[in-house]
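Asker: Got chain X; can you put chains R, U, Z, E and B on it based on the hints?
Residue numbers (the numbering used here), protein chains in the order written: chain X, 4 to 319; chain R, 4 to 319; chain U, 4 to 319; chain Z, 4 to 319; chain E, 4 to 319; chain B, 4 to 319.
The set of hints was computed from the structure by calculation and includes no laboratory data. Check the hints yourself; a few may be wrong.
Identical copies carry no separate label here, and so any pair may be met within one copy or between two of them.
[Unchecked claim] Straight line, CA to CA, 25 Å or less: simulated DSS-like cross-link-like pairs of lysine-lysine:
(1) Lys139 <-> Lys318
(2) Lys300 <-> Lys222
(3) Lys135 <-> Lys149
(4) Lys318 <-> Lys149
The residues making up each chain are set out below.
6 protein chains.
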Amino acid sequence: MYVQRAMLSGIIRSALTKNRGLWLPSQVMVRTMSSSSGPTSPYTTLSISRPTERVTHVELHRPEKRNAMNKAFWSEMVDCFNEIAADPECRVVVVSGAGKIFTAGIDLMDMASNLLQPEGDDTARVSWNLRKTITKYQETFSVIEKCSKPVVVAVHGACIGGGVDLITACDIRLCTQDAWFQIKEVDIGIAADVGTLHRLPKVIGSRSLVNELALTARKMYADEAKSSGLVSRVFADKETMMAGALEMAGEIAARSPVAVQGTKINLVYARDHSVAEGLDYIATWNMSMLQTQDVMKSAQAAMERKSPKTVAFSKL
Amino acid sequence: MYVQRAMLSGIIRSALTKNRGLWLPSQVMVRTMSSSSGPTSPYTTLSISRPTERVTHVELHRPEKRNAMNKAFWSEMVDCFNEIAADPECRVVVVSGAGKIFTAGIDLMDMASNLLQPEGDDTARVSWNLRKTITKYQETFSVIEKCSKPVVVAVHGACIGGGVDLITACDIRLCTQDAWFQIKEVDIGIAADVGTLHRLPKVIGSRSLVNELALTARKMYADEAKSSGLVSRVFADKETMMAGALEMAGEIAARSPVAVQGTKINLVYARDHSVAEGLDYIATWNMSMLQTQDVMKSAQAAMERKSPKTVAFSKL
Amino acid sequence: MYVQRAMLSGIIRSALTKNRGLWLPSQVMVRTMSSSSGPTSPYTTLSISRPTERVTHVELHRPEKRNAMNKAFWSEMVDCFNEIAADPECRVVVVSGAGKIFTAGIDLMDMASNLLQPEGDDTARVSWNLRKTITKYQETFSVIEKCSKPVVVAVHGACIGGGVDLITACDIRLCTQDAWFQIKEVDIGIAADVGTLHRLPKVIGSRSLVNELALTARKMYADEAKSSGLVSRVFADKETMMAGALEMAGEIAARSPVAVQGTKINLVYARDHSVAEGLDYIATWNMSMLQTQDVMKSAQAAMERKSPKTVAFSKL
Amino acid sequence: MYVQRAMLSGIIRSALTKNRGLWLPSQVMVRTMSSSSGPTSPYTTLSISRPTERVTHVELHRPEKRNAMNKAFWSEMVDCFNEIAADPECRVVVVSGAGKIFTAGIDLMDMASNLLQPEGDDTARVSWNLRKTITKYQETFSVIEKCSKPVVVAVHGACIGGGVDLITACDIRLCTQDAWFQIKEVDIGIAADVGTLHRLPKVIGSRSLVNELALTARKMYADEAKSSGLVSRVFADKETMMAGALEMAGEIAARSPVAVQGTKINLVYARDHSVAEGLDYIATWNMSMLQTQDVMKSAQAAMERKSPKTVAFSKL
Amino acid sequence: MYVQRAMLSGIIRSALTKNRGLWLPSQVMVRTMSSSSGPTSPYTTLSISRPTERVTHVELHRPEKRNAMNKAFWSEMVDCFNEIAADPECRVVVVSGAGKIFTAGIDLMDMASNLLQPEGDDTARVSWNLRKTITKYQETFSVIEKCSKPVVVAVHGACIGGGVDLITACDIRLCTQDAWFQIKEVDIGIAADVGTLHRLPKVIGSRSLVNELALTARKMYADEAKSSGLVSRVFADKETMMAGALEMAGEIAARSPVAVQGTKINLVYARDHSVAEGLDYIATWNMSMLQTQDVMKSAQAAMERKSPKTVAFSKL
Amino acid sequence: MYVQRAMLSGIIRSALTKNRGLWLPSQVMVRTMSSSSGPTSPYTTLSISRPTERVTHVELHRPEKRNAMNKAFWSEMVDCFNEIAADPECRVVVVSGAGKIFTAGIDLMDMASNLLQPEGDDTARVSWNLRKTITKYQETFSVIEKCSKPVVVAVHGACIGGGVDLITACDIRLCTQDAWFQIKEVDIGIAADVGTLHRLPKVIGSRSLVNELALTARKMYADEAKSSGLVSRVFADKETMMAGALEMAGEIAARSPVAVQGTKINLVYARDHSVAEGLDYIATWNMSMLQTQDVMKSAQAAMERKSPKTVAFSKL
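Okay, chain X solo, but in the shape it has when bound (with noise of 0.2 Å):
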């Protein structure tokens, strides 16, 4: 183990003397166009803003630093799904990243001591720890997922190794034409932990490709990414994508939250069950969500030929 650390000094130095790195974040970066000044309180990593009424933003912010995820960012994540789960004002959240990039992803610099300096007396026991950190990082992308409230996730430029995690994770992706994608983890010498390896597969329809992107780390670009499947929109530049992203996002929050969240639910339990078990499910969960009064307005609504979203619906 020794080694290894002396070996990982060298490397945070060469690091910091050079100032730059292809997918670290450099120490050193231009003004980013980000809508928002900056962080909101408490978040350091994650801008949080209410756009509509309805539909909660949640931007990657760190500028600076390419949106790398640092130790912060990987509990800030829990903290602001957990919230905007228990926020009835919310019915969608979108999600991209300030500055240049969608994210660099993982900021190896301020993480490497918790994942390449794991402490325990002996193997067994740096295993357990190690075992606790990555189950606490899948984490960060699976309330996401968990998060009853659709999330439209729009990605502009770069989204690497952590980024593909973290969308993923979300139900609805967009990006622009300049977007590009990487799996990046083989590089680094470790196999994807924490979702990529597990949602990629479900969420495009091409095994090969997944299998091709996983196994190469090659870049894909914004059209595959559409014909793939990654993607169900391409956007010219960002500032219409994010125009987008929130018209589909008011789209979405003005139907009946209780159908919505409903959708959202059952659509992620029917991806890991069988379409019986899915159909038990739905049938179970839908005998008292029907009876919900969102059912009189929306159709109310239709018969008169009204948009949803004139619809007063209850808060969930």
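Answerer: For chains R, U, Z, E and B alone, kept in the frame of chain X given last:
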């Protein structure tokens, strides 16, 4: 509950006087170009014919109601496919819609009392009865999947709400250039509970698209249906599509029913099991099914470069 | 049973005199352009070579029989991949076919006695023996999946019947512009039982297409193979494809074998489990695998902007 | 096949002339002490009565044939339990056997043609038909499990073959001191295929005992049935057992049907799922079922130290 | 809903004036013989002590309320076991109850508002909130199972309702001769939804007994608890039981925590998976855990015939 | 790692000089009363005999080492049971131990280098190799389960550690009055990883007992083994047990091998699947297996009141 019933009455009255609707079938409708003159006895919503010896054609047949799914439909489908499953003459099924569109989905006028005024002395008992109703309606489309004969569905015009539930339970999907698809349930305040949420993600390869369609209720047109894999072929118009569907049905019907129906059964099984489980199952399946004379007959035809259509297989 | 054997004799005799066949390998065939001069000992149907230090090339090598899968093939594949799995030098495998096409599929002439004349004193005992045979043949392709080293398959010309079973068990699929694919089993009266029905639906995103291919036995050409996601790249001809396959294999081989093989193992695991199960498994997997020196070596190379190809990883 | 039919004829003729049998019902049998005078219309093998307002008593009633399960029985059970499931008056079911023993199991004389002379032009088609028959017969006992009302079964004397399949599908098992149980199938050359092999291991705690019983066909007497957990109570004789069964049924029937039937449904679900899956399911179940007035009524009775039998619950 | 609240008020008032109850804790109660003088801060319902260096004793401690489970209890258990899980000093947990009995189960007085007056603007929203509550309460006992340290529970006197949910989530169950167990939920109109229905059938071997207990709410005494396998030991009185529990805890605590906690984790995993899945998981688990110095230390002690209690294992 | 190897050397040296051990086999041991004079070629740790025509007797045969499981044993078991599985003469297997006890479990002296000094350049590679070793050792007992012939195991004296792993993989367990069982792994610092933790909970009915045995390593004697259901019969001494085991084996061997082996295969399948899955599988299994002449032969024998031992079934 009282309020709801009052509100419902209002909706119904309003609908009756206005005599039209977006996805509710309008009361008056021009005569359709349906190939058959009307539903075959004993069905009031389905027209059954036998275009060729081994192919059964099931036509949704309430053209004046845009093939909306009324109470009769939900049970007639079960009877119809149970009959087909037991009919040794039939080897393949083609499903299509009479009139201007494939189907407008559930006939809310006719179904309202079932879904919106369930009986029961308290919430638990209302829920209990609703669950029975949902489970029964799920069977309407699950019979398609349980029928071991392949089902080719041909969609023209609109395929809305329950229509998507129906077609995702079929084996092969074709459509015309003017077809469009809409998961409508969220627009009336419910999470789709008769199959779409469970089968669609296993039918097409883009989860982002599935989620977008289910959460926004936006329309998807033929081109996107083709590129996303929902349909495997798009035809210029209904006539060429029906010709194509029947030709494809003929190709399948010409092959050994032991092979064809075993293939369907094992494909459905494979969807809901691990690869290892699926392989174990088909080994157990084929230990008897390989002992069919169809293998010899098929092999001989292949050797002699004859079409399988020339081979006479025993009934199954 | 007697009738069947007599019929079989007739078929075989007829085939021998006519000396040709659609998907049965013809008896006479012009010399192939196979890159190697013949199967490497100890295999009679496979030619094994080592194009680069860490890449093993497995070539289906019965070019005069269009690489039809005879009895020897089914067991040689098992031996071959078990050897590869145990070979610490090999990090990636490339599979291709010698001669004019990738493979004509099962060699019915050679296999007929096994499949069509199974032994047994009564139907139950015949079935028992057939099940053993099927299970054994399934292993022929499952070894590819069980081998923790990634397998890139490169298809040119025809890939018929058993060929589709083979390639769906590989990790990455490439093909030439002239390649075509055909699930042939239904044409000889059997439900495909060595993998296609189980793996193909999890390999491509359109279930309608899977069903159509399996039920009609129609050919699918390179463009549709690409757009449906069966292959992730199409090349102009075999030569450029082989170059591309080896380059991709080189990229993978250059990375940490701990990361690469852990990625494959967990991707296969993820396919057959829920996301939650997969995440739990990889946390347990990586609690030890993260303790590899490869992480340090890889990180250092990345920091210094060196290619992973410059890093010397220990054997695995 | 010809040989088999000839052999069968011999067996049947021999049986008819000898007019007796070990587990096949003898043709002549003294009058039984069955409590009811005969099967209630419309059943020929079952006698249905209503000993108390909310308890349905289903009696196997072919005492002169030792309640052997003939063709009629296998379908009457399905009709009977479907009726019971739909009957809002019935809250609990008691099953017992008329005459000297509980049941001699399958009536081979009557069933022989179905099981031993299945139709079909070749082995595959015979197999196909056999599978349909087995699946249909499995339903005969699965309806007991699918019926949400608890089923108490009371066994006296012999419970052989199909009888064990039947009782393992019930919820609570009682027996008399003279009862014995025998998994008979292996003695006639078949692996038990209508439930015993699947339910018994989940019903009792000793797998060694399950295997021994299934593989040797030895008899198990009341004491071992009690100590192994097959039955939860042993009574001195049939009369006291029936009194005990009805008392227990009365206890269950006195409680809230929402609670009781929800308990059965979730216990069956729990058996076939992980604990986490089961907890998720019952949370989804109870989110509506807790909204029953039965909770208030039950709580009030408990507070006032009244028996639940004094509470009037709405029908379910 | 108004009626229900009125009814509830009546019940509560009635209970307060009568000042007693069957399974609701009475308001006045003689002083208990609890070994500790009161709950340890910060808990109001639990008293935590450390009888030996490595054993934590959790005592249900509302003796004047017969350890009824009030609102505080349901969340304190979660905090308590999360703390224990993270405490490196603790290797084993013993759970028991202060005062006259183990626990009277849920404290309906305190919980009524949560369970019986859930908030929500319509049935769907009430259901939504109830589901959240149920899920939260399930966690109260699931934390016991998720805590990797073995939990020995020692029951004296009554163990009612929620008490059975609690003990079935523990690893080892002991009781006194005067103990009795009662699944009480059906008596208040609900299907038990926090664990009993899911864990009990996997804890004892007789399904008939499980069903009888859950459907009739009858009491089970110590002897039947022992013969059915619910408890593995019965002691004469509480004092000897507590001595026995601590001795057993000491035996476990003396062994390698890597081995002990790995055993618990894999036993829980095995319960919910097939044997093959379980074997795969533990192979992946032990590939690192076998690399503990504890193996050497344990082996050396065994060679030298020393007790494992003499070995100093590192903390985990 | 250096320290560990040094420590190991010490342990081994110490053991060699002291020449004894609790559960490690002592070096000198009096001659045993094994019925056979020594291991049958080609095995060095197993003695194979054929007491009757259809029964194979596998005797653990290193009596001077208390049948401790050395390196040879772990692979010989695999060869032995693969041979038995393929031997058409053998219908049932009996396993017992030569000498004074059934088995002392793993031979740590012989196995130490494999388990305690695994090779590998870093922790990940050591782990990789350990996983391969564990997986290989798991197969040693899984072959018993995969062999379709029933295996009766007869235990006398001690059955320690690996012995419990072995017997839980057998179908029927018998023991002598002086037998005792001990899950020993936790005493040497490891979580049992070759089957006990996975099979024992599905073999006996008391989870509390399973946990207690696995976590405390206490001995369980014959009476508790019987009452808990681990064994289904206890005999006075080894001689009567062996007679009983052979008689039971004879009973099983006399029955149709199609029925017997189908029963075993489906019982193992049922353990790891839901009831519905198990029923589906056996319907698919029996659709061919019912077409055996054994049914006729068995039925005829039953009709004529002849013992199944008089029937000549074809080999399987």
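Asker: If a hint holds in the structure, say so; if it does not, say that too.
Answerer: Verification of the supplied hints:
| no. | hint | result |
| --- | --- | --- |
| 1 | Lys139 <-> Lys318 | between (31 Å within a copy, 21 Å between copies) |
| 2 | Lys300 <-> Lys222 | between (47 Å within a copy, 22 Å between copies) |
| 3 | Lys135 <-> Lys149 | both (20 Å within a copy, 13 Å between copies) |
| 4 | Lys318 <-> Lys149 | within (19 Å within a copy, 34 Å between copies) |
In the structure shown, no violation is registered for any of the earlier numbered hints.
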